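Protein chains: 2
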Amino acid sequence: MISINIIGTGNVAWHIAAAIQTTSTHRLQAVAGRSENARNDFNSFTTHTTSVTVLTPADITMIIVSDDAIKDLIKSIPYKTGLFVHTSGSVPRSVLDIFENNGVFYPLQSFSKGVPVNFSKIPICIESKKKDNLELLTDLGFALSEKVTQISSEQRQKLHLAAVFVNNFSNHCFTIAQDICEENDLSFDLLRTLLETTAIKALTNRPDTIQTGPAKRNDQATLATHKSFLTHVKQQEIYTILSEAITSYYGNKL
Amino acid sequence: MISINIIGTGNVAWHIAAAIQTTSTHRLQAVAGRSENARNDFNSFTTHTTSVTVLTPADITMIIVSDDAIKDLIKSIPYKTGLFVHTSGSVPRSVLDIFENNGVFYPLQSFSKGVPVNFSKIPICIESKKKDNLELLTDLGFALSEKVTQISSEQRQKLHLAAVFVNNFSNHCFTIAQDICEENDLSFDLLRTLLETTAIKALTNRPDTIQTGPAKRNDQATLATHKSFLTHVKQQEIYTILSEAITSYYGNKL
Chain A
1 MISINIIGTG NVAWHIAAAI QTTSTHRLQA VAGRSENARN DFNSFTTHTT SVTVLTPADI
61 TMIIVSDDAI KDLIKSIPYK TGLFVHTSGS VPRSVLDIFE NNGVFYPLQS FSKGVPVNFS
121 KIPICIESKK KDNLELLTDL GFALSEKVTQ ISSEQRQKLH LAAVFVNNFS NHCFTIAQDI
181 CEENDLSFDL LRTLLETTAI KALTNRPDTI QTGPAKRNDQ ATLATHKSFL THVKQQEIYT
241 ILSEAITSYY GNKL
Chain B
1 MISINIIGTG NVAWHIAAAI QTTSTHRLQA VAGRSENARN DFNSFTTHTT SVTVLTPADI
61 TMIIVSDDAI KDLIKSIPYK TGLFVHTSGS VPRSVLDIFE NNGVFYPLQS FSKGVPVNFS
121 KIPICIESKK KDNLELLTDL GFALSEKVTQ ISSEQRQKLH LAAVFVNNFS NHCFTIAQDI
181 CEENDLSFDL LRTLLETTAI KALTNRPDTI QTGPAKRNDQ ATLATHKSFL THVKQQEIYT
241 ILSEAITSYY GNKL
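Quick mapping for you: the protein sequence lines, in order, are chains A and B.
With my numbering as the guide, the letters of the first sequence map in order to residues 1 to 254.
With my numbering as the guide, the letters of the second sequence map in order to residues 1 to 254.
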């Protein structure tokens, strides 16, 4: 059994701990974090929840904290043995160079508290300079998921950027649509089928081949009417910029 | 059998004709359009494909042309008997007031050429001033779909605007993500699971409750890095505006 320490008690840490729990090859040795309350969320996964400074070494130590906390946090880890990885999409692997054995274990997914995920379908993007460590990460990856890919820090940062467009930005578009419905006594349910087929079509075709709508048609009358309906400045800005981008993309590739 | 004429030979006309074809209560009498080539796409649905000026009356005449073509087109229809509807999300019902019996039959979906749709799941939004006509449209609606809703022209325009956010804008975000992947030797397949769960999560939760990402966290370092990666001006603008909107939405509701 490969032993794993998790440092961090947020959503991503929770979902990874829950996934490790289901394997027969890896075991969660301890979970460390500052907040005792947050640590208690992990009581069903391990009996060892503690603070970082009293952690004991494990085969793999996973640092699952916010990007800007990584640099400071690693100074407080009381050991340097074993493999150290972080799980960030944006932070270069080299931030862990103070450890001889280091790497990245990036699950490409948006984790929300209390929303279950099927971990086996989540692509795991791994990186390490040493072959032994890559093997350890590959084994951990395949223990949790069907999809394990080796990519560089630079590629991972670009992938994270692309993921922001796929998830964060589209979800905010859904949110604005919901707000428009609620402001006009319309049920958001009316848009459920469209939302579903939007995703299905983008998954079964190249998204650039299935674009429709007034911006694609450069239908200036509808674009102007829509803008006049939008009462929030930010919504208006988003409508304008995205419509201009779509018109220019299809009229004249960016 | 209720007889139906379709005027228009584009994607929406094709998908509606295909759906009418499957009912036992409604029959496609004729399809009219200017282009003989385009009319030929409908040969499997009806033997009558013709030009508008020689159409003969039907119980329901569906005008399925681009928004800005409706006004001129209706002048060339050689009869005024029966119920006349258009299928536009944006055009008011009143544009058809030259016909005594008029209404709107708006299927809330994004139709792409050659991409099959499950019509029974598409919400049909109907509108008419007369009770008899509403009944005709309700019957046609339920012949094609499980979901038929009566909404006003004003609500329909707002719903169409919301649909632009749900479909057009999120699909363009997917397109940008695909372009970023291709420019960085990454397979867009890596983002498939995220795209799928983005939709599933928005369908099973309120989208505003599941927002994640650097803009939501107001993580200025990642936002700056991402902007520096984007080489296309339009992509940069979209990134900036959407991130600002998300940060402001969650820091301080719009």
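Derived by calculation from the structure, the hints in this document are not laboratory data.
A couple of the hints might just be wrong.
Copies of the same chain are indistinguishable here, so a pair counts whether it falls within one copy or spans any two.
Below 25 Å or equal to it, Euclidean Cα-Cα: the simulated BS3-like pairs (lysine-lysine) are [as the list claims (entries may be wrong)]:
hint : residue 1 : residue 2
1    : K234      : K71
2    : K216      : K131
3    : K234      : K131
4    : K158      : K227
5    : K80       : K227
6    : K216      : K113
7    : K201      : K130
8    : K234      : K201
9    : K147      : K234
10   : K227      : K131
11   : K71       : K216
12   : K158      : K201
Values in this document were obtained by computation on a predicted structure and should not be read as measured data.
I want to check one pair: K234 and K71. Are their C-alpha atoms no more than 25 Å apart within a copy, between two copies, both, or neither? Intra 34 Å, inter 33 Å, cutoff 25 Å: neither.
When Cα atoms must be at most 25 Å apart, do K234 and K201 count as within-copy, between-copy, both, or neither? between (28 Å within a copy, 24 Å between copies)
Alpha-carbon proximity between K71 and K216, which holds within one copy, between copies, both or neither at 25 Å: Classified as between: cross-chain Cα gap 22 Å, same-chain 45 Å, threshold 25 Å.
How would you classify K227 and K131 at a CA-CA limit of 25 Å: within, between, both, or neither? neither (55 Å within a copy, 33 Å between copies)
As a check of your reading, is K80 near K227 (CA-CA no more than 25 Å) within one copy, between copies, both or neither? So K80 and K227 fail the 25 Å test inside a copy (57 Å) and across (35 Å) alike.
At most 25 Å between alpha carbons: which applies to K158 and K201, within, between, both or neither? Answer is both: 24 Å inside a copy and 24 Å across each meet the 25 Å cutoff.
Between copies, within a copy, both or neither: which fits K201 and K130 at Cα up to 25 Å? Classified as neither: same-chain Cα gap 40 Å, cross-chain 37 Å, threshold 25 Å.
Homomeric proximity label, K216 with K113: Cα distance no greater than 25 Å: between (37 Å within a copy, 14 Å between copies)
Cα distance capped at 25 Å. Does K234 pair with K131 within a copy, between copies, both, or neither? neither (48 Å within a copy, 41 Å between copies)
25 Å Cα threshold - placement of K234 relative to K147: neither (38 Å within a copy, 32 Å between copies)
At most 25 Å between alpha carbons: which applies to K216 and K131, within, between, both or neither? Answer is neither; intra-copy 48 Å and inter-copy 37 Å both fail.
Alpha-carbon proximity between K158 and K227, which holds within one copy, between copies, both or neither at 25 Å: between (32 Å within a copy, 11 Å between copies)
This entry does not satisfy hints 1, 2, 3, 5, 7, 9, 10, going by the numbered hints stated previously.
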